[in-house]
Amino acid sequence: MLTELKFERVLEIIRETLNGLDGEVRRHILGLALFGSLARGEGDPRSDIDLFILTRGLSRGVERRRILYKALYPVVARSRRDLTIVDVGVEELRSLRPSSLLLNIAYDAVIIHDPKGILRRLFKAIKETLRRYGIIRYRLPDGSYAFKPRDGGRMPRMVIQDWIR
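Reading the sequence shown from the start, the letters are residues 30 to 194 in this note's numbering.
For the record, the hints were derived by calculation from the structure and aren't laboratory data. Hints may be right or wrong, so weigh each one.
Unchecked claim - Taking lysine to aspartate or glutamate pairs in the EDC-like style, the calculated list, with each CA pair at most 16 Å apart, reads:
(1) 177 / 157
(2) 153 / 143
(3) 99 / 53
(4) 99 / 111
I would like the entire structure built from these sequences, with the hints used as guidance.
Printed below as a string of structure tokens:
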């Protein structure tokens, strides 16, 4: 298990990274959250740093991810951990498809930067939608997490518009 001191150090590194970003890149980051094993307190020395980043006005797809990795990796590398980025443009939120990854991010998220409260509202809405549909999160034997209806039925078709107000 990751000790509290180590967890705090990871958060410190991420905050330092965000603060040290080039102003041009930083102004495009609307939200940043840690997710995955480190966010859950289940990390170990081999755990990577998983970041969910919400942007506005930055290139799309692979180009956006390349810009973010190039900006974030030099400082994160000091932690001797790998970096995984899941990035979404705010303009893409309405077209997002619910996925196990997105649901897990919402559950695990430790929000680090969210000046407009967009991530807080998004993650709260996702969790409320899951509760409304009776969806529960459970742990698989391999340590990962999945979702299923509490009543054992089929997963309902959820739409992202339910989450964005």
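Comparing the hints with the structure gives:
1. About 15 Å separates the Cα atoms of residue 177 and residue 157, which keeps this hinted pair within 16 Å; it holds.
2. Between the alpha carbons of residue 153 and residue 143 the distance comes to roughly 13 Å, so the proposed pair stays at or under 16 Å and holds.
3. The straight-line distance between the Cα atoms of residue 99 and residue 53 is roughly 13 Å, inside the 16 Å bound, and the hint therefore holds.
4. Of the supplied pair hints, the one linking residue 99 and residue 111 holds, its CA atoms being roughly 13 Å apart against a limit of 16 Å.
Every hint from the earlier list agrees with this structure, and none is contradicted.
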